[in-house]
Amino acid sequence: MQTEPAFRAYDPAAIEPKWQSHWDATKAHEVRDDLPREKCYYVLEMFPYPSGKLHMGHVRNYSIGDAVARYKRMRGFAVLHPMGWDSFGLPAEQAAIERGAHPKKWTYENIAYMRGQLKRMGFSYAWSREFACSDPGYAAREQDIFLDLVEKGLVYRKSSMVNWSTGLNTVLANEQVIDGKCWRTGAPVIQKELPQWSVRITHYAEELLQSTYDLPGWPDAVLIQQRNWIGKSIGAEIDFTVDGRADLKITVFTTRPDTVFGVTFLSIAPEHALLDKIVPASHKAAVDAFKAEVRTVSTQDRTGDTAEKKGVFTGAYVISPVNGERVPLYAANFVVADYGTGAVMAVPAHDTRDFAFAQKYNIAVKQVIVADGKEPSALDEAFTEVGTVVGSAQFNGQRSDAAKVAITDWLASSGKGRKTITWRLRDWGISRQRYWGNPIPFTYGQSGGAVPLRKQDLPVTLPDDVRFDGIGNPLEKHPTWATTANDGSPLTIRTATGPEAARRETDTMDTFMQSSWYFARFTCADAKEPLDKKRVDHWLPVDLYIGGIEHAVLHLLYARFFMKALSDVGYGTVREPFKRLLCQGMVCMETYQRDLGDNKKQWFYPDEVDVTVDAKGKVIGAKAKTDGQPVAVGRVEKMSKSKRNTVDPQSLIDTYGADTARLFILFAAPPERDLEWNPDGVIGANRFLKRVWVLVQENLAALRATTAFAGHAKDVTGADQAVVRKVHATIKRATDAMEKDFSFNTTIAACMELMNELKPDTLSAPVFKLGVTTLLRLLAPMVPHITNELWSDLGNDGDLTIAGWPSFDAAQIDADDADYPVQVNGKMRGKITLPRSLSGPALDQAVLAHPDVVAIIAGRPVKKLVVILHKIVNLVLG
RNA sequence: GCCGGGAUGGCGGAAUUGGCAGACGCAGGGGACUUAAAAUCCCCCGGCCGCAAGGCCGUCCGGGUUCGAUUCCCGGUCCCGGCACCA
528 MQTEPAFRAY DPAAIEPKWQ SHWDATKAHE VRDDLPREKC YYVLEMFPYP SGKLHMGHVR
588 NYSIGDAVAR YKRMRGFAVL HPMGWDSFGL PAEQAAIERG AHPKKWTYEN IAYMRGQLKR
648 MGFSYAWSRE FACSDPGYAA REQDIFLDLV EKGLVYRKSS MVNWSTGLNT VLANEQVIDG
708 KCWRTGAPVI QKELPQWSVR ITHYAEELLQ STYDLPGWPD AVLIQQRNWI GKSIGAEIDF
768 TVDGRADLKI TVFTTRPDTV FGVTFLSIAP EHALLDKIVP ASHKAAVDAF KAEVRTVSTQ
828 DRTGDTAEKK GVFTGAYVIS PVNGERVPLY AANFVVADYG TGAVMAVPAH DTRDFAFAQK
888 YNIAVKQVIV ADGKEPSALD EAFTEVGTVV GSAQFNGQRS DAAKVAITDW LASSGKGRKT
948 ITWRLRDWGI SRQRYWGNPI PFTYGQSGGA VPLRKQDLPV TLPDDVRFDG IGNPLEKHPT
1008 WATTANDGSP LTIRTATGPE AARRETDTMD TFMQSSWYFA RFTCADAKEP LDKKRVDHWL
1068 PVDLYIGGIE HAVLHLLYAR FFMKALSDVG YGTVREPFKR LLCQGMVCME TYQRDLGDNK
1128 KQWFYPDEVD VTVDAKGKVI GAKAKTDGQP VAVGRVEKMS KSKRNTVDPQ SLIDTYGADT
1188 ARLFILFAAP PERDLEWNPD GVIGANRFLK RVWVLVQENL AALRATTAFA GHAKDVTGAD
1248 QAVVRKVHAT IKRATDAMEK DFSFNTTIAA CMELMNELKP DTLSAPVFKL GVTTLLRLLA
1308 PMVPHITNEL WSDLGNDGDL TIAGWPSFDA AQIDADDADY PVQVNGKMRG KITLPRSLSG
1368 PALDQAVLAH PDVVAIIAGR PVKKLVVILH KIVNLVLG
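Taking the working numbering, I'd label the letters of the first sequence as residues 528 to 1405.
It should be emphasised that the hints constitute simulated quantities derived from the structure, not laboratory data.
In this text, all values refer to a predicted model and were calculated from it rather than measured experimentally.
Careful, some of the hints might be misleading.
Once the Cα atoms are required to be at most 27 Å apart in a straight line, the calculated DSSO-like pairs of lysine-lysine come out as [to be verified]:
(1) 836 x 719
(2) 1106 x 1358
(3) 1241 x 1259
(4) 818 x 719
(5) 759 x 943
(6) 1055 x 982
(7) 1253 x 1267
(8) 837 x 901
(9) 818 x 804
(10) 1217 x 646
(11) 1060 x 679
(12) 1061 x 554
(13) 1060 x 1106
(14) 1091 x 566
(15) 776 x 837
(16) 1217 x 545
(17) 893 x 982
(18) 836 x 804
(19) 887 x 818
(20) 1398 x 1259
(21) 1358 x 1391
(22) 1150 x 1091
(23) 946 x 893
(24) 1168 x 1150
(25) 554 x 646
(26) 580 x 554
(27) 1259 x 1286
(28) 566 x 1267
Please model the entire structure based on the sequences and the hints provided.
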């Protein structure tokens, strides 16, 4: 007779949507703003760009965040866990150009679809706080904040060089310039000077730098990257007068004022403003030719790896302020106009690059620092270390690091130089010549000056009736938008002589602006004003922020800057946005490829190849199914469509359910590490969930009929006692992982171990129930659907959030006896068991008296006995 | 070039503070159930030697500290990420 299971099968497609509807209907994950802060927790994942559908990187990011959010709720915290959309940006305009879809329509359709996917994953967001950056409400309030920044002097307009596509008539980002050509049209990209709106992030350079030493919850890698990016450099400016032109001086910036007596030439940026005034007629042609040559090369090629260090003698000489020596002035391609002063004093003896340049152009090398106790001698390479100063007048004999200060002070006292700090960090240019962004709330009168809008004239909203042909900025080409006020009348500004016709700024803001304060808006998404100071101060800083490390110096630096600026314009007192930062690794997968020559590769989807393995299961080759010919098993690389190594989360959910997807992704690797996708591993995760399901369903009646064991491990014996101890040990491991390093992989491993010991045949019903209920509670943050379903099947009323995270008793973890591995001279030789309570000399005696130990010693003299309590015994024998 | 991170079985990974290396999972091998397959369950699973008991080797490589090193120190190799003529 056919044996039908007496219970229903595990069917994620049925139970998962059921719980998701329940959470929606009961608004289970909304949170109050008025509870004591110490009972509150704000966990946030980087919000997505609504590109169309979730990718596996999102699933990983949000699975990690959701596990933390649900864990904290189980611990009784009021958890703020919001979600929104980083919805301005270029892909929407690309879609408009390529498919004729309006950016707004395309964006909001994508949002609707992806919101559905997030809900189908069971992520516990406070959906009432959701917004998209392109929502009029958010964009308008950002304009409001922008005007506050203008008021505070943190916004200005200046001309700067940009990559300009001659094909698209628009500015391109550096990464959109390929081989000096436009990525889309292939048209030449030129360097063009354009007025750009900039935000004064450099105003906060020092605070941004110093605070990195006060962010213990951030990974060092990110902090170090930010410090390097900010690039504080302490040195001196030194003035060199132009020979024969007492009215002109060239100021250099150097971090090595101690080597100033060794200067044998100066290098200056080809774009330097003074150059034209200095170059004599005899050298004008050569210098102009060099300038033209430099200009044709894109910045990246000029400063790239392979770029040759080149220069040209300008025909001019400068006079050293320290010894009156006359040294030549070179224009050099490696000197950057907008760093330092755009001119460098060259000391070939003590700078590697200057040394190479001097060799190439046959310029003198003058050594002014020697290794301690050595004499100057001909140099094969630059000596860049600290040493003793020579050839430097009254500074001879000093240590070179001390001479830095002494020489700077001496120069300062005579007005020829000064101590200076330079920064690598530049102000943030936010102008983008694009439609799908937040308009910059400025206008231009007929006289040309830029005038900020008044707050009552906000918001500036994007017109819907725009055409996308891929050329230029649709806002600029719109017939009326730029000249029409919000009430439909012609746009004017007030001047001393009365109203004057005006035209709107048609540039929109960099989308990093929106992501710089969205986390603050989540605390008060319903506020009329841009930010509700009280709630901002209540919730911020975010307790845990989770996202990819690729944002280490862009988004994460901008957001830190914005928080300080927001505070300075009155939106709260918090100056750092994120208390703890978790950077998750990439999601990767094996690739299959065939080299077609010419640097071209053909990539294969995993289901297009057959993989062969050897007797141990090691992959030894692969063949294409279509032609049976070999394909190379490529490296494990970040999932990308071009390499055909992606897995669509939706198909995963459809096949195995959200819980399996979440469990696998949390189990396969710790959060910070790259995760290698493994389809077999997914099956394994699913198998584990099924086993949990069957374990409960098979024993449902017995489980419902009893209450979980609540006594002490010492009250029971045998398998019961072992399981009670295991329960406490597992809770401890899981709790430590959640609190310390979010190592969900080991938490899941511990849960698997616990389940492997839950044998209903050998356990009393109460202990079995303790094991099962503990297992469900520990797994609940990671796989909320199946655990809540089973919890409910066990006859519980409330869900697992209410049931709470279990607590452990450390005293019940360890057995009465302790195992001591026995080593001889550091090599394993046996194992003995002794009472855990033994310690000190009594323990030593018990060890030596143990028959196994006596046998191991075999009469040899014990030179030393090492006994580490509850850990190990090591006998040092002669 | 500079800065940062990493290297552990066939694979992903574990190992608390210097104390039994390889937890847990995947793959692989063997078995049970089945007419058969799938699913499920049980056993084995770092390498070498050995019938076995057991022994030797083993955490990228070479040294060192220590009773004891995957862990700490010194030197090197390779891989990944970031920055880069930044004066």
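| message | Can you confirm whether the C-alpha distance between residue 554 and residue 646 stays at or below 27 Å? | response | Roughly 13 Å separates the two Cα atoms, so the pair holds.
| CA of residue 1253 to CA of residue 1267, is that 27 Å or under? | It holds: about 21 Å lies between the C-alpha atoms, which stays within 27 Å.
| residue 836 and residue 719: Cα distance at most 27 Å? | Given pair residue 836, residue 719 holds - Cα atoms ~24 Å apart, limit 27 Å.
| Pair hint outcome, residue 759 versus residue 943 [Cα-Cα no greater than 27 Å] | Holds, because 23 Å separates the two Cα atoms, which is no more than 27 Å.
| task | Assess, step by step, whether the Cα of residue 580 is no farther than 27 Å from the Cα of residue 554, and give holds or violated. | result | holds (25 Å)
| field | Restraint check for residue 1091 with residue 566, where alpha carbons must lie at most 27 Å apart | value | Distance of about 26 Å is within 27 Å: holds.
| Are the Cα positions of residue 818 and residue 719 separated by 27 Å at most? | holds (15 Å)
| Does the alpha-carbon distance linking residue 837 and residue 901 stay inside the 27 Å limit? | violated (33 Å)
| request: Quickly compare the C-alpha distance for residue 1060 and residue 679 to 27 Å and report which way the hint goes. | output: Holds, because 18 Å separates the two Cα atoms, which is no more than 27 Å.
| query | Hey, residue 1217 versus residue 646, does the alpha-carbon distance stay inside 27 Å? | reply | holds (22 Å)
| query | Does residue 1091 lie within 27 Å of residue 1150 when you go C-alpha to C-alpha? | reply | violated (57 Å)
| field | Pairwise hint evaluation, residue 554 against residue 1061, where the allowed Cα distance is 27 Å at most | value | holds (24 Å)
Against the hints set out earlier in the document, violations occur for numbers 2, 8, 17 and 22.
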